[in-house]
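Heads up: the sequence lines are chains A, B, C, D, E and F, in that order.
Position one of the first sequence corresponds to residue 1 (the working numbering), numbered consecutively onward.
Position one of the second sequence corresponds to residue 1 (the working numbering), numbered consecutively onward.
Position one of the third sequence corresponds to residue 1 (the working numbering), numbered consecutively onward.
Position one of the fourth sequence corresponds to residue 1 (the working numbering), numbered consecutively onward.
Position one of the fifth sequence corresponds to residue 1 (the working numbering), numbered consecutively onward.
Position one of the sixth sequence corresponds to residue 1 (the working numbering), numbered consecutively onward.
Careful: at least some of the hints might be erroneous.
Unchecked claim - Keeping only pairs whose Cα atoms sit at most 20 Å apart, straight-line, the calculated SDA-like set for lysine to any residue is:
#1 C:92 / C:41
#2 E:21 / B:11
#3 B:108 / B:46
#4 D:137 / D:42
#5 E:108 / B:24
#6 D:153 / A:83
#7 D:92 / D:38
#8 C:133 / D:42
#9 F:21 / D:83
#10 F:137 / E:134
#11 E:22 / C:92
#12 F:147 / E:134
#13 B:21 / B:163
#14 F:153 / F:92
#15 A:91 / A:39
#16 C:137 / D:156
#17 F:92 / F:41
#18 D:91 / D:108
#19 F:22 / A:110
#20 E:147 / E:94
No lab work stands behind these hints: they were computed from the structure.
Number of protein chains: 6
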Amino acid sequence: MSEFTHFNDQGRAKMVDITEKKETSRAATAQSSILVNEEIYLNITNHKMRKGDVLAVAQVAGIMAAKQTSTIIPMCHPLPLSGIDLSFEWKKRQNGYELSIQAAVKTKGNTGVEMEALTAASVCALTIYDMCKAVDKGMVIGATFLKEKTGGKNGDYHRTAIPSTEL
Amino acid sequence: MSEFTHFNDQGRAKMVDITEKKETSRAATAQSSILVNEEIYLNITNHKMRKGDVLAVAQVAGIMAAKQTSTIIPMCHPLPLSGIDLSFEWKKRQNGYELSIQAAVKTKGNTGVEMEALTAASVCALTIYDMCKAVDKGMVIGATFLKEKTGGKNGDYHRTAIPSTEL
Amino acid sequence: MSEFTHFNDQGRAKMVDITEKKETSRAATAQSSILVNEEIYLNITNHKMRKGDVLAVAQVAGIMAAKQTSTIIPMCHPLPLSGIDLSFEWKKRQNGYELSIQAAVKTKGNTGVEMEALTAASVCALTIYDMCKAVDKGMVIGATFLKEKTGGKNGDYHRTAIPSTEL
Amino acid sequence: MSEFTHFNDQGRAKMVDITEKKETSRAATAQSSILVNEEIYLNITNHKMRKGDVLAVAQVAGIMAAKQTSTIIPMCHPLPLSGIDLSFEWKKRQNGYELSIQAAVKTKGNTGVEMEALTAASVCALTIYDMCKAVDKGMVIGATFLKEKTGGKNGDYHRTAIPSTEL
Amino acid sequence: MSEFTHFNDQGRAKMVDITEKKETSRAATAQSSILVNEEIYLNITNHKMRKGDVLAVAQVAGIMAAKQTSTIIPMCHPLPLSGIDLSFEWKKRQNGYELSIQAAVKTKGNTGVEMEALTAASVCALTIYDMCKAVDKGMVIGATFLKEKTGGKNGDYHRTAIPSTEL
Amino acid sequence: MSEFTHFNDQGRAKMVDITEKKETSRAATAQSSILVNEEIYLNITNHKMRKGDVLAVAQVAGIMAAKQTSTIIPMCHPLPLSGIDLSFEWKKRQNGYELSIQAAVKTKGNTGVEMEALTAASVCALTIYDMCKAVDKGMVIGATFLKEKTGGKNGDYHRTAIPSTEL
Numbered sequence: 001m002s003e004f005t006h007f008n009d010q011g012r013a014k015m016v017d018i019t020e021k022k023e024t025s026r027a028a029t030a031q032s033s034i035l036v037n038e039e040i041y042l043n044i045t046n047h048k049m050r051k052g053d054v055l056a057v058a059q060v061a062g063i064m065a066a067k068q069t070s071t072i073i074p075m076c077h078p079l080p081l082s083g084i085d086l087s088f089e090w091k092k093r094q095n096g097y098e099l100s101i102q103a104a105v106k107t108k109g110n111t112g113v114e115m116e117a118l119t120a121a122s123v124c125a126l127t128i129y130d131m132c133k134a135v136d137k138g139m140v141i142g143a144t145f146l147k148e149k150t151g152g153k154n155g156d157y158h159r160t161a162i163p164s165t166e167l
Numbered sequence: 001m002s003e004f005t006h007f008n009d010q011g012r013a014k015m016v017d018i019t020e021k022k023e024t025s026r027a028a029t030a031q032s033s034i035l036v037n038e039e040i041y042l043n044i045t046n047h048k049m050r051k052g053d054v055l056a057v058a059q060v061a062g063i064m065a066a067k068q069t070s071t072i073i074p075m076c077h078p079l080p081l082s083g084i085d086l087s088f089e090w091k092k093r094q095n096g097y098e099l100s101i102q103a104a105v106k107t108k109g110n111t112g113v114e115m116e117a118l119t120a121a122s123v124c125a126l127t128i129y130d131m132c133k134a135v136d137k138g139m140v141i142g143a144t145f146l147k148e149k150t151g152g153k154n155g156d157y158h159r160t161a162i163p164s165t166e167l
Numbered sequence: 001m002s003e004f005t006h007f008n009d010q011g012r013a014k015m016v017d018i019t020e021k022k023e024t025s026r027a028a029t030a031q032s033s034i035l036v037n038e039e040i041y042l043n044i045t046n047h048k049m050r051k052g053d054v055l056a057v058a059q060v061a062g063i064m065a066a067k068q069t070s071t072i073i074p075m076c077h078p079l080p081l082s083g084i085d086l087s088f089e090w091k092k093r094q095n096g097y098e099l100s101i102q103a104a105v106k107t108k109g110n111t112g113v114e115m116e117a118l119t120a121a122s123v124c125a126l127t128i129y130d131m132c133k134a135v136d137k138g139m140v141i142g143a144t145f146l147k148e149k150t151g152g153k154n155g156d157y158h159r160t161a162i163p164s165t166e167l
Numbered sequence: 001m002s003e004f005t006h007f008n009d010q011g012r013a014k015m016v017d018i019t020e021k022k023e024t025s026r027a028a029t030a031q032s033s034i035l036v037n038e039e040i041y042l043n044i045t046n047h048k049m050r051k052g053d054v055l056a057v058a059q060v061a062g063i064m065a066a067k068q069t070s071t072i073i074p075m076c077h078p079l080p081l082s083g084i085d086l087s088f089e090w091k092k093r094q095n096g097y098e099l100s101i102q103a104a105v106k107t108k109g110n111t112g113v114e115m116e117a118l119t120a121a122s123v124c125a126l127t128i129y130d131m132c133k134a135v136d137k138g139m140v141i142g143a144t145f146l147k148e149k150t151g152g153k154n155g156d157y158h159r160t161a162i163p164s165t166e167l
Numbered sequence: 001m002s003e004f005t006h007f008n009d010q011g012r013a014k015m016v017d018i019t020e021k022k023e024t025s026r027a028a029t030a031q032s033s034i035l036v037n038e039e040i041y042l043n044i045t046n047h048k049m050r051k052g053d054v055l056a057v058a059q060v061a062g063i064m065a066a067k068q069t070s071t072i073i074p075m076c077h078p079l080p081l082s083g084i085d086l087s088f089e090w091k092k093r094q095n096g097y098e099l100s101i102q103a104a105v106k107t108k109g110n111t112g113v114e115m116e117a118l119t120a121a122s123v124c125a126l127t128i129y130d131m132c133k134a135v136d137k138g139m140v141i142g143a144t145f146l147k148e149k150t151g152g153k154n155g156d157y158h159r160t161a162i163p164s165t166e167l
Numbered sequence: 001m002s003e004f005t006h007f008n009d010q011g012r013a014k015m016v017d018i019t020e021k022k023e024t025s026r027a028a029t030a031q032s033s034i035l036v037n038e039e040i041y042l043n044i045t046n047h048k049m050r051k052g053d054v055l056a057v058a059q060v061a062g063i064m065a066a067k068q069t070s071t072i073i074p075m076c077h078p079l080p081l082s083g084i085d086l087s088f089e090w091k092k093r094q095n096g097y098e099l100s101i102q103a104a105v106k107t108k109g110n111t112g113v114e115m116e117a118l119t120a121a122s123v124c125a126l127t128i129y130d131m132c133k134a135v136d137k138g139m140v141i142g143a144t145f146l147k148e149k150t151g152g153k154n155g156d157y158h159r160t161a162i163p164s165t166e167l
């Protein structure tokens, strides 16, 4: 059985040594979502016409969180991110409206940016929760997962089976 | 229709004024989860016998993230958290092993700690993803939601319908 | 001549002891501005119709910076901010378009929030510079100053002579 | 008309992709100032003889803020700064004493350091305000602008018309 | 045998619940030191006459670190520090010059500030090491310990046997 | 006599310009320790059998602090750390049990990682103090020093005389 790489000779956690890994262009895309009720859906989408809508704030939060990933996730390497982009898509569900959040992150570095993309998507969803919770605390953040990554010697990753985000 | 509270007269986002809200004891519990394959499950649970297991690191990450909530979530008020506790539970699922993560946060403050509990649970799940992703990038972070909150003038909240976390 | 309060017996900087100061409601409003050319002015104001305009991002930046004031300004006390609100106003100037930025901050604490308001206004202006600098690096951030403060034993402050922000 | 670069296909803010930009030596110099009354001027300049003067603290604050620029300014790329230097100059003005602050920042990176220089100069001025505000809250932070930048494919920038900082 | 308080029912680390502890005035003083050679000693003490000496920078670092204690030390509660003061004393030792560093921290809060004082003293010593290491990397940071604490229901603490800091 | 490098023409602190230094693999190892009484020693070592022991938390703290070094130590350059590993060793001393802490840090960068290693070791020791202080506040953090560094044009450093950490 393969062994975890994050442990040292004493069996304790370490930040894995990537000094000898090659600096290449790397990219990763992660997805999360949040399921909201109709009232919140209408509020958010009506706000689209306004200057500082909920999604604008959530997007800034996701971008800033991506840059903080190595201070939030203990064993994550600091990386000079070279691009971060979040996008949104609404889907009508049986029990509400689901906002799908996609976060794409890039770097030229020694290791991948999967965690940065996942962190951006998660924090974006959390921020939406925060700004709408006065209306309904029943919102649910859906499945959060890696969609694909490219670059690096271990080859690319493309998720084939997208987890149902229908709660 | 109720209006969002996070917007000022110019229609822009603001941090809501809570100066006049009363300082009371408040608590919130949030839940997240991560679905992993059998290899990771065995690796994590075998590590339990070791000194610095995956869950120990993830738990520290969740606790530290809870304290950073107001710097991660843009419109969140800074609060002097007075207690943070994360716990874990494994469940065998059809397509893998699900680790349920529960985060309980307390404060004596002017507003609730829902976001702190949700952030702790999310970051805990993200950290587990980080430490196990060398084995399998297909892990999925499951539904993340508020279980209950107490304290504050708006009354308590107890979620009745727990979202299915079976992906 | 009055003496600075930020120095200890050895003549070195210290964070002033406010343990005995009373916790009261305090507020402060600061103002900054940025002078931009017509192209940027049109770009920003046209973006108003879009979902994530420049000012929405700058406002989030100002709010988040206010919460970080005590980690940015060395001798500043950490304070649990209870409200932050930024607003904008455009003025046609002889040599361009001036965006006036006003930041209002509140707390219930042992010392004032002047620095939090000034930091919010400054960072808001810096963020606008950042997002528009690809068009013109000649923008100038104008006078930044305290407009008023209330609360605390030293009495209120209301600036009478507003500095000309005409550059 | 040129378009802003900070927006994605959905019209929302993004951190611009600089993955393909070349890593070169880059430098930028920004300027800010603060206008103080005679009492503060004498206090600061007399402190020069002491061990921990106001300007020493403000300079440390400016240097530390430059390193935090990408966490303060939402769309700013993280860059490994390779040098930061702040210097001061006093000028007698009609209505007080103006301390001119110059911040020079260097990097070997994929994008420029204008924002780092501007942030260093601004935070330096804010820190001086903080340490002297017990004497007079009427201080005014003057025009803050980019003086020059070098390096990068878009060519150098040298401001010709220095904004009057006389308030 | 007494049990550690930082562990939950699952045997995992938690941030201890202090919601019910009383808010009182609390203070703590910690001490650290650094042993340097004569060349560094002369350099530092000659710099005393200059505007931005080594100790001024180290002191700012200690004060800022004290305010960051709860983000640096995982199980530490966030506290609104109300006063921080560091002072220095040189002692001639057999094998060099020892700079003794004393950090005094105050709060009005629900738990003590021992960690804040210890962190301030440690970071102050580390900063001196950083600024002098180009001259000699052989400097040694000496014993770091709590000298006294007051406030809180567990009574005061006054260390009687000061550890020899003679290395 | 050699001069400090951290000062500019005005005699003020600056972050030294390393733009022209070569990017090479660099490593540093630092050591600290903490002396605890028998009760704490037994508590910690018994916890080894548990899931989230004191040393696991302290190790995460040390790793995360290493990544924050340039935000904690004012004149320290930001560096993309490529590996961090902490290890522990117990020694019975005349007046207690000493836990020796060793921190090894690596980077591929323009300057050394001595401060990152020293910061990791210090914060690790401080965290142990924090988690055990409810049992005894008399613990003493012992000598903290650089053991060796490699890489960079100034040659390697290997400490020959290890300071006695016997307090």
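To see whether the hints hold, each was checked on the structure:
no. : hint          : verdict
1   : C:92 / C:41   : holds, 10 Å
2   : E:21 / B:11   : violated, 41 Å
3   : B:108 / B:46  : violated, 39 Å
4   : D:137 / D:42  : holds, 16 Å
5   : E:108 / B:24  : holds, 17 Å
6   : D:153 / A:83  : holds, 18 Å
7   : D:92 / D:38   : holds, 10 Å
8   : C:133 / D:42  : violated, 38 Å
9   : F:21 / D:83   : holds, 11 Å
10  : F:137 / E:134 : violated, 35 Å
11  : E:22 / C:92   : violated, 55 Å
12  : F:147 / E:134 : holds, 16 Å
13  : B:21 / B:163  : violated, 32 Å
14  : F:153 / F:92  : violated, 40 Å
15  : A:91 / A:39   : holds, 15 Å
16  : C:137 / D:156 : holds, 11 Å
17  : F:92 / F:41   : holds, 10 Å
18  : D:91 / D:108  : violated, 34 Å
19  : F:22 / A:110  : holds, 18 Å
20  : E:147 / E:94  : violated, 24 Å
Comparing the model with each earlier hint shows violations of hints 2, 3, 8, 10, 11, 13, 14, 18, 20; every other hint is respected.
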